[in-house]
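Chains as they are written, first to last, in the working numbering: chain R, 1 to 329; chain B, 1 to 267; chain G, 1 to 336.
Because the hints were derived from the structure by calculation, they are not lab data.
Treat the hints with caution; some may be incorrect.
To be verified - So the derived list for chain R, only partly shown, Cβ under 7 Å to chain B, looks like this:
1. Met-98
2. Phe-100
3. Asp-102
4. Ser-106
5. Asp-108
All residues carry an ideal CB built from backbone N, CA and C; glycine is no exception.
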Amino acid sequence: MSTQQPVLEVRDLSVTFVRRSLLASRRQVSHVVDSIDLTVHKGRTLGLVGESGSGKSTTAKAIVRLTPARSGSVKLNGVDLLSLRGEELKQARRRVQMVFQDPYSSLDPTMTVAECIAEPLAVHRIGVRASRRDTVLEMLEQVGLPTSMADLMPSQLSGGQRQRVAIARAICLHPDLVLCDEPVSALDVSTQNRILQMLADLRETHGISFVLISHNLAAVQQLADEVAVMYCGTIVEQGPARNVTALPKHPYTQALVAAVPYPDPEVQRKREHVVLSGEPANPANRPTGCVFQSRCPQVMPVCQTTTPVLTDDGSGRSVACHLYQPIVG
Amino acid sequence: MTILRRPSVAISLTVLGLLALAAILAPVLPLADPLRGDLMRSLEGPSAQHLLGTDTLGRDVLSRMIYATRVSLVVAAGAVLVALLIGAVLGMLAGYFGGKFDSLISFITDAYLAFPPILLAIAILGAMGRGTVNTVGAIAFIFVPRFIRVARGAVVARRGEVYIDAAHVIGASTPWIIRKHVVPNIAAPIIVQAALAAGFAMLAEASLSFLGLGVQAPAASWGSMLGDASQQIYRQPLLMIWPGLAIAVCVFCFNLIGEAMRDAMRA
Amino acid sequence: MTEVLRVDRLHVDARVGQKWLPVVTDVSFAVRAGEIMGLVGESGSGKTVTCLSVLGLLPRTDVRVRTGAIWFHDRDLTAISRRDLEDVRGRSIAMIPQEPSASLNPAFTVGDQMTEILRRHEKLGRAEARRRAVRLLDEVGIPAAASRLDDYPHHFSGGMCQRVLIAMALACNPEIIIADEPTTALDVTVQAQILSLIREKAAAHHAAVLLVTHDMGVVAEVCDRVVVMYAGQIVESADIVPIFHRPRHPYTERLLAATPRMLQHNETDSPGFAYIPGSMPRPGTYATGCRFGPRCAFHEERCDAAEIPLRSLAEGNLARCVRTDELDLAETRSRA
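Based on the sequences and whatever the hints tell you, model everything.
Now the structure itself:
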């Protein structure tokens, strides 16, 4: 499996935002995503986890070229998306699709459900009206929606139903990779689970690879095969999802895991609470050394001078933390 | 559409519809010749033969009113249509692409809007000469910046909407996105603006023709009729009432429709 | 223990189009001094409307209290004048809202907004109000409180804004704080901080808390008692431990099953994603009898017969289910 070419190979991806404020004389450069590497193999799901300011959403947008990347490469089945343009880019887009966070604005309110789902087919001039209609009905069935919904307007659907339409739209071109940017966080728990289960089922039936971006660690733990934890634009820990979430190594991952409340008061109130001080970091104000130093409960002097490197520990897990690396020099 | 059920809209549409109908059917209606007058019977009040009386040259006022409907409505609608086509397209492109193009358009629009509209129109007609076609042009010129504003604002408000991003990810080209996603979503505010502009356009035309700068004889619009009638105000005051009433009613109807549409959009 | 707030048979209607439909039906509960009561429900359950009714913040043109009372000590908040309500609100009944960044006025400094409350309710002079504001900001863990007083809301992050709002809620030593989904818009690591802050400060100021949430995990962390709402009604009410270990209403059990949780080390199998088929009925489309009936795994014909009353059970909790004594939901729960 690892000899096969991965579906997605991101190398050294960096995204920066430059803000010129009227009053400050200097420009403010935010390294929102700082030289990250990601790999997704066929049929596998990568969970990308982090809080606000982590850069996870920006990473997804950079992969699909909604946001320009400053440097790096994004290889989809071996072809670097960032180097394509024009017709080549348009063709390549058929292989990678995205599901967005807000179900209330990701569907054009002036288009019917059928028109929304069929748009990718229309853009790429696949099929004719009749065959597209058939595809639409088939997709609705795949996402568990009644075919009678095809001619309704998005405003007549609930948030969960709209999100399913968005998923139907994403898979109708049978892409190799689907990026889901917080696909369920705006929904109630039962609806969230319904959709997560549906994503798991789609993965089984179609063999689609997923990148699931979420701050919901519990969902990532169950749905993802691998997970990468981002903090302030860098990946601080990476590895098999169950391993990383059950036995987190990086202090930030430990805090994230500890912060998910366990739905049993007796268990929850006896747990060791790792309460981080301060706020999620601002990528515009990165310190020298480790990005996590200001909040880390186990910070050491070396953390303030040297940036830890994401290092493989040999078992498929990588951590960027001085606690696990021999201190050099 | 539910707004049609509102009494204000239903009545306004009926009135405008009847006027438009009358304008279209004018040649086949049993009307007196609007251009021929009996000088012996000038400035008469309403009578069995001339329901609205006669003007200075003895021409039948009713007939002239109905023929003038054509001119007034066509000039107003025409000016709005031209302004819409130019303004909405420019505004939409400025809003969508942003950057220097947008800065330029916005700057020009702001400068434009600094001028009092009627004076601007007068200046244009003064420079280009009078007449119906030039009037359409001058009035359209006044309204272009207003359409640019509305279109640009509507696009900017929706530019960050996720469905636009989603269309990019699907592989849609910019022309596709503009055609399929931007235009349908900004159509509503632009149509509202058009309905409101029609009322003002009609007033503008009336004012210009009243001043003698717009529609010229032998063509007549309500405004020019009003202008002529104003000179006879002591001898036949009724002459001013007919065109004045017509203008007021029409503008009122356009405004009611425009405002009802705007309210419906907000809901 | 004394009751601070008692909601008594509250019925609230909302206008949909031309009709008035019931959105809250026969809701009664009480919050005792010093306790943290969780009001749990999904969107559409009526929990937000109930919360807004207590605060008197319902948009009057579209939502109204049909019958019922909201007793704060011996005053019925639905029956007093607007002026009296404004006196009570802010001072004795405080609120922590859902979207912290959107709840502060961007045009005024944090200091202005805090001193406004203190001067309105406590009638403090400007200098004294400022001093008190600094102490409050300090208390909620905002570093360099004195200088932050002159900052504008956009200078604060989401979590910091929420701390400011908590400080504002505590300003006049309220007897009860209504927290409307206070952590929903925040990152999970910040959520933990804010919940522990709320619990600590409420205890320190001897204030009761009515915590409105959709997250049973949050409930497990801080609540003493819980009220679960579904389709405008209360379906279960119990103390914190029993409701998690032995729910008495099928909806509560399903809600618990659906709540995300991290797998423990020894769990090898994936529990999967539990969900409730169907969706919550909208006002006006309720089934006769049990409103949860159409989605309930234990549904029988007798559930549709008549309106189901909220029954008192042996352990002091309440459940709106005719089958509650026959079902062993603890067992279902342990299988989940």
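Now for the hints, and whether the structure bears them out:
Because the beta carbon of Met-98 of chain R sits about 5 Å from the nearest beta carbon in chain B, less than 7 Å, this interface hint is met. Given the 7 Å rule on beta carbons, the hint for Phe-100 of chain R holds: about 5 Å separates it from the nearest Cβ of chain B. Taking 7 Å as the C-beta cut-off, the interface hint given for Asp-102 of chain R holds, the closest approach to chain B being about 6 Å. Annotation: interface hint on Ser-106 of chain R holds; nearest CB of chain B at approximately 4 Å, less than 7 Å.
A least Cβ separation of about 4 Å between Asp-108 of chain R and chain B falls short of the 7 Å threshold, and the interface hint therefore holds.
Checked against the numbered hints given earlier, the structure satisfies every one of them.
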